[in-house]
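Just so you know, the sequences run in chain order A and B.
Just so you know, we're using my numbering here: the first sequence kicks off at 1 and counts up by one.
Just so you know, we're using my numbering here: the second sequence kicks off at 1 and counts up by one.
Derived from the structure by calculation, the hints contain no laboratory data.
Honestly, I wouldn't trust all of these hints.
Calculated lysine-lysine pairs in the DSS-like style (CA-CA distance at most 27 Å, straight line) [to be verified]:
{"hint": "1", "chain 1": "A", "residue 1": "K291", "chain 2": "B", "residue 2": "K291"}
{"hint": "2", "chain 1": "B", "residue 1": "K552", "chain 2": "A", "residue 2": "K552"}
{"hint": "3", "chain 1": "A", "residue 1": "K560", "chain 2": "B", "residue 2": "K558"}
{"hint": "4", "chain 1": "B", "residue 1": "K153", "chain 2": "B", "residue 2": "K253"}
{"hint": "5", "chain 1": "A", "residue 1": "K560", "chain 2": "B", "residue 2": "K512"}
{"hint": "6", "chain 1": "A", "residue 1": "K86", "chain 2": "A", "residue 2": "K153"}
{"hint": "7", "chain 1": "A", "residue 1": "K253", "chain 2": "A", "residue 2": "K291"}
{"hint": "8", "chain 1": "A", "residue 1": "K78", "chain 2": "A", "residue 2": "K11"}
{"hint": "9", "chain 1": "B", "residue 1": "K39", "chain 2": "B", "residue 2": "K291"}
{"hint": "10", "chain 1": "A", "residue 1": "K149", "chain 2": "A", "residue 2": "K132"}
{"hint": "11", "chain 1": "A", "residue 1": "K125", "chain 2": "B", "residue 2": "K291"}
{"hint": "12", "chain 1": "A", "residue 1": "K291", "chain 2": "B", "residue 2": "K86"}
{"hint": "13", "chain 1": "B", "residue 1": "K568", "chain 2": "B", "residue 2": "K524"}
{"hint": "14", "chain 1": "A", "residue 1": "K558", "chain 2": "B", "residue 2": "K552"}
{"hint": "15", "chain 1": "A", "residue 1": "K558", "chain 2": "B", "residue 2": "K560"}
{"hint": "16", "chain 1": "A", "residue 1": "K524", "chain 2": "A", "residue 2": "K512"}
{"hint": "17", "chain 1": "B", "residue 1": "K170", "chain 2": "B", "residue 2": "K39"}
{"hint": "18", "chain 1": "A", "residue 1": "K291", "chain 2": "A", "residue 2": "K221"}
{"hint": "19", "chain 1": "B", "residue 1": "K15", "chain 2": "B", "residue 2": "K286"}
{"hint": "20", "chain 1": "B", "residue 1": "K221", "chain 2": "B", "residue 2": "K286"}
{"hint": "21", "chain 1": "A", "residue 1": "K589", "chain 2": "A", "residue 2": "K512"}
{"hint": "22", "chain 1": "A", "residue 1": "K161", "chain 2": "A", "residue 2": "K236"}
{"hint": "23", "chain 1": "B", "residue 1": "K15", "chain 2": "A", "residue 2": "K552"}
{"hint": "24", "chain 1": "B", "residue 1": "K354", "chain 2": "A", "residue 2": "K443"}
{"hint": "25", "chain 1": "A", "residue 1": "K512", "chain 2": "A", "residue 2": "K390"}
{"hint": "26", "chain 1": "B", "residue 1": "K512", "chain 2": "A", "residue 2": "K443"}
{"hint": "27", "chain 1": "A", "residue 1": "K443", "chain 2": "B", "residue 2": "K15"}
{"hint": "28", "chain 1": "B", "residue 1": "K443", "chain 2": "A", "residue 2": "K512"}
{"hint": "29", "chain 1": "A", "residue 1": "K86", "chain 2": "B", "residue 2": "K443"}
{"hint": "30", "chain 1": "A", "residue 1": "K558", "chain 2": "B", "residue 2": "K558"}
{"hint": "31", "chain 1": "B", "residue 1": "K170", "chain 2": "B", "residue 2": "K236"}
{"hint": "32", "chain 1": "A", "residue 1": "K39", "chain 2": "A", "residue 2": "K86"}
{"hint": "33", "chain 1": "A", "residue 1": "K560", "chain 2": "B", "residue 2": "K560"}
{"hint": "34", "chain 1": "B", "residue 1": "K172", "chain 2": "B", "residue 2": "K348"}
{"hint": "35", "chain 1": "A", "residue 1": "K568", "chain 2": "A", "residue 2": "K524"}
{"hint": "36", "chain 1": "B", "residue 1": "K161", "chain 2": "A", "residue 2": "K552"}
{"hint": "37", "chain 1": "B", "residue 1": "K39", "chain 2": "A", "residue 2": "K88"}
Spelled out, the chains give:
There are 2 protein chains.
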Amino acid sequence: MISQRIDLLRKYLKKNGIYAIIVPSNDPHFGEYIQDYYKCREWISGFDGSAGTVVITLDEAVLWTDSRYFIQAENQLKGSEFILKKIKVPGNETIEEWLLSRYANDYKIGIDSALFSFNDYNSLKESLSPYKVELIDDPFVEIWDDRPKKISKKISIYDIKYAGEDTTSKHKRLISLINTEGEFAYIVTSCEESAWLCNIRGADVDYNPLPMVFSIVEKDKISLFCNLDSVTDSDKSTLESMNIYLFEYDLFKQALADIPAHYLRIASGDKISAGNYFELTKDGSKFSFDKSRGGYITNLKAVKNGIECDGFRRSHILDGVAWVKYLKFIEDSTSSGKIIKETELAHKLIEFRKESEYYIDESFEPIVAFGANGAMPHYSPSERFSVIIKDGILLTDMGAHYIFGTTDTTRTLCIGEPTDEQRNDYTAVLRGMINLSMAQFPKGTRGSSLDFLARGEICSNEKIYMHGTGHGVGHYLPVHEGPQSIRMEENPVVLVPGMVQSNEPAVYVQGKYGIRIENLILCKEHIVNEYGTFYNFETLTFVPIDTQLIDKSLLEEKHKRWLNDYHKNVYLHLSPYLNFEEQEWLMAKTAAID
Amino acid sequence: MISQRIDLLRKYLKKNGIYAIIVPSNDPHFGEYIQDYYKCREWISGFDGSAGTVVITLDEAVLWTDSRYFIQAENQLKGSEFILKKIKVPGNETIEEWLLSRYANDYKIGIDSALFSFNDYNSLKESLSPYKVELIDDPFVEIWDDRPKKISKKISIYDIKYAGEDTTSKHKRLISLINTEGEFAYIVTSCEESAWLCNIRGADVDYNPLPMVFSIVEKDKISLFCNLDSVTDSDKSTLESMNIYLFEYDLFKQALADIPAHYLRIASGDKISAGNYFELTKDGSKFSFDKSRGGYITNLKAVKNGIECDGFRRSHILDGVAWVKYLKFIEDSTSSGKIIKETELAHKLIEFRKESEYYIDESFEPIVAFGANGAMPHYSPSERFSVIIKDGILLTDMGAHYIFGTTDTTRTLCIGEPTDEQRNDYTAVLRGMINLSMAQFPKGTRGSSLDFLARGEICSNEKIYMHGTGHGVGHYLPVHEGPQSIRMEENPVVLVPGMVQSNEPAVYVQGKYGIRIENLILCKEHIVNEYGTFYNFETLTFVPIDTQLIDKSLLEEKHKRWLNDYHKNVYLHLSPYLNFEEQEWLMAKTAAID
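Isolated chain A, as found in the complex (with noise of 0.2 Å):
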């Protein structure tokens, strides 16, 4: 089946002129998850992880993929003549290396102008030389015959009451950083940026709440290209009153060749596709880099209001009911000797969260990892790997969405006994989180200068994670978001008062266990002297964390003083929605330790 598939696009490049094409994994607005629609990486070569990318040449089939897929990649192209990549791994070339080696005169290599950013066409033209790099349509439209049909969901308007902006606001503060004298089209090609400046969200892919869509803005309206049947006609009307004008999905190219020549085109070279660029500049028209890290929008959008910062906290007490419900549960079946497996227990926290009227849905796949499961940082148990829960470590990394806010938290605990290395290492991750959350800066500090802080402690034990310490998170919007990070790399945007973020240092012990400890916090500012402008972090996330994992030796006063409030914190905010039998294990779970 595959090679037949192969053989369908070989035709096309013969017929084109090509001798390579490159296949990516994303789809055209460059978002972490893509409808069945795009997954034409997954179609040509039967690898269906998240992460690869395809090279098929006249005569030569290749999936690139991340140590994370090795084994998944094989198994799954086995019986076919792809060739297995394996990405920073000594022996294996680069896409770029692996294609010059083959360059002969006056070939030419295809890729999809809708699913490359200007800046990766740009640098891939570079990096491919001497090959011509060839924008073509998407192929598949052709050779794909079966291919699923794109999807779209209802288009909702995110009710003011939960989003504490509304988007003449948002408008307006986005026409300001933009910055421009005269007439200009802004032109949005991410999904979570047009739903945070619309104030609408939609159901389009997995985990994250968004429609497809594309948006134009100018200075007195914005053009909102998305499935018009999507949308209710009252809705229509309530955006159109927001000066939001809805047009076609597919208008949306169009459009762009459309803009008044004498408009400033503007977008950010990593989001807009080449395609789109071309398209908009191809006159010689007026174009201007958006060239804030992460485009303005997400600057913006990273910035939570106070009604945001309030729905991220009813999020987290929602939650951690649920948290609280699932944990209990474990123990009762771990202690009544009943089996339970890896994915039981991922349905198992969805069903206590769906509890909950406000909550919506998983805000990333569900990751529930038993012993050396844990040790790979985004395993996701299915249905047919899942692993029985026996004696061992156990980690838990879920996240939700509910209408008001978005979660994102990991626990890890013990059942049965810890040796003395799983003690150790836990505390060290906690120690690290606990520091992390009691930071306390000067404003202008960037998110690389604290990461030290948690990855310190584990380096104390002579280990290290290869992730970063925080990323962004949105508000019932994407999990992961920018512009800010807590990582090693220079990051140069700084952390300011209302960005969420995470806090998950830990540790991988290959072939036995991981061990991560997740919280989200809040940048608040903390105390204005004589000295400048202090910033600190809240703690969104209610969920006790394991006090039977501790060293209590290796911890501090401090740390000990941040535990037992946090837990205090978790007892008084949850208990209100608790059973007394629930009540009672809780406050177990949260009693201060000395």
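For chain A, the structure is supplied; the task is to place chain B on it using the hints.
Just chain B now, with coordinates in the frame of chain A:
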């Protein structure tokens, strides 16, 4: 007198059709200290602070300086036509703003082509446009009648038993960094780079053991431009045996012009003067920038070899012995009611240092600052203004060059009874200093990732210090060196074993006191395991840390453990060199705290 000097300079400007001249504070080598010969800014303005820039136009005279020098500058400019512009104070234009507001058609600005780097010249040209920025020769040659002579003290060969690596080997490693086929000429402007590469030392400026030299590095030889009379014939032969050939200092510019056409010229844009850059490239010769941060030699020099590290260790033992005598002297004096002054103390520590035959000189201008003076991070006592020491906080920051290494140590102590605020601040500074001393971090870590380990403790007290936590330290070379640093600001240079830097968190309470504790720390490899390679620091400094100022309730066990271990080591390393009375004193000062 100043007005006559200004008149002379204005005559020069008129004669040359120049509207304004910018007079900076540096010499042609861009080092930290300059000879009197180059103090033109001081001569023309009367202001003798270390930092400041003068602009003289046909009808105005202005000095820009920073907050350290506001009072001094006001005093020294009094009675002259000079206006003072306070850098970073609202209402004070920058040099560029001030000049631009005076632009008239065809106005030219002159800058000495030897005193501005190529990069500085370029950015001035851009920021001062539409002015024409003209590179001129030193105008003070004509107008400064009794100008001091240039000083050329003896240049001596630095013994391989201290340097640990001969020039042949350094030259080879430099060539491999330059990494170019064919012939090249690498231009070295910085005296410390030439001194390191050629294993020579001098004494042509204060505090830096440097001769004033340029060099040109080729594949098979190094041309060193210096005062030939400063080198003995026997040393000349020794240098020639290392393929270092000596030429008169003044022939350097001509030598740049004489480089064969087919040679690739290489220099750092921050280090080569604009004049030399244009000399080097005037016939369209091949040129390439050294784009490494700080330059190739600075990068090689920053990583100390084993002999250099041992030299640092020895220096710190000798220095520790002098510090013990110094600290005991303070205690004896103050407890017996003797009146002592800041300047007297500085002399006293130098006197104790001189007891070692290996002592050469101070490594920077001594800082002995009592009470409110300590709140000025760069305060230096002078005979005129030295303060008498009574009850209060005393900060001493002094460093020395020994023949085999360099020191830089700060200790803070309290005479009389400290306040709670002082104890609290002192303990925060100590915690920060210890946190950084104990850090373990993965290979690839930048100094900016570690800065907050120290700074964060002071922020927890809602205070900050405005300087970096650590600077690189030269090996019997300038005490401040790059390319690494431990600061809030991003610096892409990663820390590697062999780098020596300071560890000096601080608190400054305006009008009251300053607290700083400073050790030097050496980056070392700690462990290699399945997670990778980890580094840590060895503390080089051996000077007791005042425990009277500590609020022990604010120290964790790990801090106490570190401090007690440290003090045990201080006693162990220093006591063999002390008399019985000093040993007893040190034993008490280094007693373990609980």
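Which hint numbers doesn't this structure obey? The structure breaks hints 5, 6, 9, 10, 12, 16, 17, 19, 23, 24, 27, 34, 36, 37; every other hint is satisfied.
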